[in-house]
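2 protein chains.
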Amino acid sequence: MYEKISTDIEHLRKLFVFPESQDKFLEFGKQILDMMYKSFKQKGGLHSSITLDELTSLFSDISIPRDPQLLRDIFPEIENKIASHSVKVYSPYYIGHMTSAIPYFTILIDMIISSLNQNQVKIETAKASTFVERELLCWIHRLIYQKSAKFYRETVQNHRVALGNVTSDGTLANLTAMMVARNLLFAPDGRFPGIARAGIAEAYRHYNCERTVILISKRGHYSFDKIADTCGIGDSNVIKIPVDTGSNKIDLNILRKELNEIEAYNQNHEQKIKILSLIGIAGTTETGNIDNLYEMNRLARKYNTRFHVDAAWGGPVLFVDDYSHLFKGIEDADSVTFDSHKLLYLPLSMGMVLFNNQKDLQSLQHTTQYVVRPDSRDQGRFTIEGSRPFAALRPWVALKVIGSEGFKLLFEKAFTISSYFKTQIDIHPNFESLNDPELFIFNYRFIPVKIKKHLESLISENSAETLKMASRINSSLNEVNIQLHRDIRNNDLSFVSRTVLESTRYAPDEIVVLRAVTINPLTTTSIIKEIIAEHNKLGLKLFNKSYKKRFKNYF
Amino acid sequence: MYEKISTDIEHLRKLFVFPESQDKFLEFGKQILDMMYKSFKQKGGLHSSITLDELTSLFSDISIPRDPQLLRDIFPEIENKIASHSVKVYSPYYIGHMTSAIPYFTILIDMIISSLNQNQVKIETAKASTFVERELLCWIHRLIYQKSAKFYRETVQNHRVALGNVTSDGTLANLTAMMVARNLLFAPDGRFPGIARAGIAEAYRHYNCERTVILISKRGHYSFDKIADTCGIGDSNVIKIPVDTGSNKIDLNILRKELNEIEAYNQNHEQKIKILSLIGIAGTTETGNIDNLYEMNRLARKYNTRFHVDAAWGGPVLFVDDYSHLFKGIEDADSVTFDSHKLLYLPLSMGMVLFNNQKDLQSLQHTTQYVVRPDSRDQGRFTIEGSRPFAALRPWVALKVIGSEGFKLLFEKAFTISSYFKTQIDIHPNFESLNDPELFIFNYRFIPVKIKKHLESLISENSAETLKMASRINSSLNEVNIQLHRDIRNNDLSFVSRTVLESTRYAPDEIVVLRAVTINPLTTTSIIKEIIAEHNKLGLKLFNKSYKKRFKNYF
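Quick mapping for you: the protein sequence lines, in order, are chains A and B. Each residue of the first sequence is one higher than the one before, counting from 1062 in our numbering. Each residue of the second sequence is one higher than the one before, counting from 1062 in our numbering.
Incorrect hints may appear among the rest.
[Unchecked claim] Just some of the chain A residues that point at chain B, by a computed CB distance under 8 Å: (1) L1113; (2) D1171; (3) I1520.
[What the hints assert, rightly or not] If you anchor each label on the Cβ, the simulated ranges turn out as follows: (4) B:N1365 x A:E1088: 57 to 67 Å; (5) A:E1115 x B:A1325: 29 to 39 Å; (6) A:P1249 x B:D1548: 34 to 44 Å; (7) B:T1306 x A:Q1207: 49 to 59 Å; (8) A:P1249 x B:N1329: 26 to 36 Å; (9) B:H1072 x A:E1115: 39 to 49 Å; (10) A:P1249 x B:E1563: 49 to 59 Å; (11) B:K1590 x A:D1084: 27 to 37 Å; (12) B:E1331 x A:N1269: 39 to 49 Å; (13) A:E1088 x B:I1111: 27 to 37 Å; (14) A:Q1207 x B:D1114: 20 to 30 Å; (15) B:D1553 x A:E1088: 46 to 56 Å; (16) A:D1084 x B:D1069: 33 to 43 Å.
[As the list claims (entries may be wrong)] Straight-line Cα separation of at most 25 Å, SDA-like style, residue types lysine to any residue; simulated pairs: (17) A:K1469 x B:K1279; (18) B:K1075 x A:Q1332; (19) A:K1469 x B:K1333; (20) A:K1363 x A:D1305; (21) B:K1279 x B:E1324; (22) B:K1333 x A:F1476.
Hints in this document: simulated from the structure, not taken from any laboratory. Computed from a predicted structure; not experimentally measured. Backbone N, C-alpha and C fix where the C-beta goes; we use that ideal spot for every residue, glycine too.
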């Protein structure tokens, strides 16, 4: 199959020598570009038509290859087995997830990151790159917290403080924020050495704590469940507050009630419930909505707890002045999560977590003799991760190439597209929109016009019986939309995702919705039109074939 | 400074269009290669002579750039401010850290990873790449656990089980292993819903547990302290067992004693001490030594606890049959950490954690509606991280291009170099070797011949008085070697790291050592000779100038 080459050390050493003649390197580079270009232009589906069983048989070698092979013999394998069966997340018809197109210069930047191969954990392995990382963190910190220029001049490269961390993704950024909250809540106190040293059980004993809770809306990212598990407080202590129906923002009245109940409980009990943090969301994963951060922050102050904002999705939209009112209050949050592989349009993956107080991260400090010494400039002093790539170069360059003004335009475009999408769905007989998109995420479902009208009238009649019938209809519509989503996947000309919302106008009914994330700058209004037409056609076909009869019973 | 370009959406859209004419792209690619090549060939130091203060002033912009700029205007900035002040980790004279040279084809692979931009969290964003990741995990699992071919054929692409996780680095791999250990130790039991749900405090109450400990040698990686903090057991519960002096392997007698003491304690107390895991190390960070995994595994079974092996460093050396006796017992470990950015010579960063029992990872399962559904093929079901890049492509390709036979040769070469280094130090009048390198990490120190002989005689005399004097000498030699390390850094022609060992023949004296990691395939014996000569010259100069007088007092 492959050309047999001799396994000798000289052949191997050559792999490590930067090619003096660049011809070969450029030839390979060109080959990769050709390959990517071909795969990008490839007709056919977004996911390739290969079945999971066929993929299984393509990737079922169970042993490590023994003999060296030439790179040029492996390229076709990458091209035919991998690239052509990858998901075309860059397609303007792929509007199902937050992973979208990237600007192509970032591919070149990744080549630089890779060849420099700096390890951010320690200045001995990351000289200029340590400074780049801090400069980037300063930029994002300022975007969020807008402190004085003096503050930033004094902190940007002051290694005794940290404005934040670069993390491998948003989950790690959120975890870092929760770890800081936890370690500050159960800080060293007298003879108690602090939770970092002593662990949770002893911390609870010392502080008379029965349990520690996180308060977040039902739209909160599932990573907070993982984080509550990871950091040891248990995911049953993530209290999920319902959202206002329609707006998908945390219901402040229920949040207040919950906080009052905790306070009342604590007044009557020796063993307290402690609040680790309120979590505000700036761009929920399912619906793209932003909590009322201003009020949440006030509540956090009132109840003397921390306030963290998960802006993994929405953070970059702070560039747009017209949107800034939506984020009001974020500048008072104790910490904020911000991803670079979502709305900064960069390749996977890199998150950031920023702290209002530049000393907070010291609560995570771990140091050692051979790496990350205490008074060093080593960025690894405060991170949960150890070895880390120079991923910060990506946003650092992208912010220069696109500029805050450029991002503003991209977001205005995305906003136009999602508004257009909603308008088209609103006027369409066979669809219904199910959220009010703030940040480019739109939920809708297929519902044939006759059913829509019937459901409408059942609901406005508002009797126990008609509402029960409405629920039955919704439940069947859920089946229709799950199957429609499968049909869209199989048709493979466009891609949206699906989820379940309890927060629509039909609450408490759980409604299956299709979810469109419309951020690709190449997605146009005419593409949206095409996509709606395709989904309508598939929906009608499905309905007429498999559901018409059942729905007759509901009339 | 930069060419002013208009901020219009068409300009931005073009950044997202894969260039139809590849000329521009290739031109940029060539420019980057030129830049990297120039910087690689640049004369001068490994770290560049720029001071940290100068770097501070280079990277003290405190605001995000406003207007878009052309990539070609930013390249010079990357070249002059970043690339030329990066650490030349690829230099054969850079033998101080585990971050080393990479084979240059991996730069091309990173370009592919970046352009495909698959998100491994979910099959909807990662089709073939999900299968590649699982195939890779199977290869590494088999390398370690050597189960039957039948087992691997049945598990490689069986989405109901997981042979392991790809993680962002070794720390996250170790964290994943400890999380699994924790969640299995405090599993659901009757009405107790398990630690993942209920948290540590309630788990301890249910299981009558006072504290949970991790047992690891003093050579253990500092990440275990972070992990004990993160997962809530507290880092004071990481029990650090001394190592055998010289060998740097965990002292099994002390480990047995500790285990017996825990058992005795538990017999006499209602509230128990639980053991989360014994940790064996296959390649300690400071000295490259491998614990007696076979005996540690027997102890883990005897005391009914788990056994995890941190093979982040040494794992790939399993390719070499001649070395496999050193790893004996690893095939019985419950979990193993294995990094790809260390001895697979790949760019930063990617770790893996492999589990002996393919169902263990289910203890971490978190799922959600819109992503990672329970019975899906989504790799994100079991990971601590959320969004993840297709980093698995790097080792998947590298294992094909280099092959297990190729890696074998690379390690044999590395072994030759570290043996040569030790031999040269052993016969050198002014140096002393301080560990027995198993996996390419060698510790030594500068000690002028007269001092060496004097210290030798003091120690062989072995009286309270002479030993006290020996300690004083060692303490001064520590100062000399710390200063010598600074001088080596300033001279900047070669780079070794330094650390402190309590486990040398001078135990319990803490000895400052220089640490050489000799894995770069381009590092030759003559380069080692040069490096020793340089360090000797710097050492003598330093000693004669600043320490001669003080040492006279010790005679």
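Each hint, compared with the structure:
Taking 8 Å as the C-beta cut-off, the interface hint given for L1113 of chain A holds, the closest approach to chain B being about 7 Å. For D1171 of chain A, the suggested interface contact is upheld, since its CB lies about 4 Å from the closest CB of chain B, less than 8 Å. Hint status for I1520 of chain A: violated, given a least beta-carbon distance of 24 Å to chain B, over 8 Å. A C-beta distance of roughly 59 Å is found between N1365 of chain B and E1088 of chain A, which places it inside the suggested range of 57 to 67 Å.
Checking the proposed 29 to 39 Å range against E1115 of chain A and A1325 of chain B shows it is violated: the Cβ atoms sit about 59 Å from each other. Judged by the Cβ atoms, the range 34 to 44 Å given for P1249 of chain A and D1548 of chain B holds: they are separated by roughly 39 Å. Checked against the given bound of 49 to 59 Å, the beta carbons of T1306 of chain B and Q1207 of chain A, roughly 57 Å apart, stay inside it. The hinted range of 26 to 36 Å is satisfied by P1249 of chain A and N1329 of chain B, whose Cβ atoms lie roughly 30 Å apart.
Look at H1072 of chain B against E1115 of chain A: about 42 Å separates their beta carbons, and that is inside 39 to 49 Å. Our hint of 49 to 59 Å for P1249 of chain A and E1563 of chain B is violated, since their Cβ atoms are close to 26 Å apart. Taking the beta carbon of each, K1590 of chain B and D1084 of chain A are about 34 Å apart, inside 27 to 37 Å as hinted. At roughly 21 Å, the beta carbons of E1331 of chain B and N1269 of chain A sit outside the given window of 39 to 49 Å.
The hint said 27 to 37 Å for the Cβ distance between E1088 of chain A and I1111 of chain B, and at roughly 35 Å that hint holds. Taking the beta carbon of each, Q1207 of chain A and D1114 of chain B are about 28 Å apart, inside 20 to 30 Å as hinted. For the pair D1553 of chain B and E1088 of chain A, the beta carbons lie near 35 Å from each other, so the given range of 46 to 56 Å is not met. In this structure, D1084 of chain A and D1069 of chain B meet the distance hint of 33 to 43 Å, their C-beta atoms being roughly 38 Å apart.
Between the alpha carbons of K1469 of chain A and K1279 of chain B the distance comes to roughly 52 Å, so the proposed pair goes past 25 Å and is violated. With a CA separation close to 60 Å, the supplied pair K1075 of chain B and Q1332 of chain A exceeds the 25 Å bound. Taking the CA atoms of K1469 of chain A and K1333 of chain B, the gap is near 58 Å; set against the 25 Å cutoff, the hint is violated. Proposed proximity of K1363 of chain A and D1305 of chain A is supported: the alpha carbons are some 22 Å apart, at most 25 Å.
Of the pairs offered as hints, the one joining K1279 of chain B and E1324 of chain B holds, with about 22 Å between alpha carbons and a cut-off of 25 Å not exceeded. Restraint check: the Cα-Cα separation between K1333 of chain B and F1476 of chain A comes to about 58 Å, which exceeds 25 Å; the hinted pair is violated.
Violated hints, in rising order: 3, 5, 10, 12, 15, 17, 18, 19, 22; the structure is consistent with all others.
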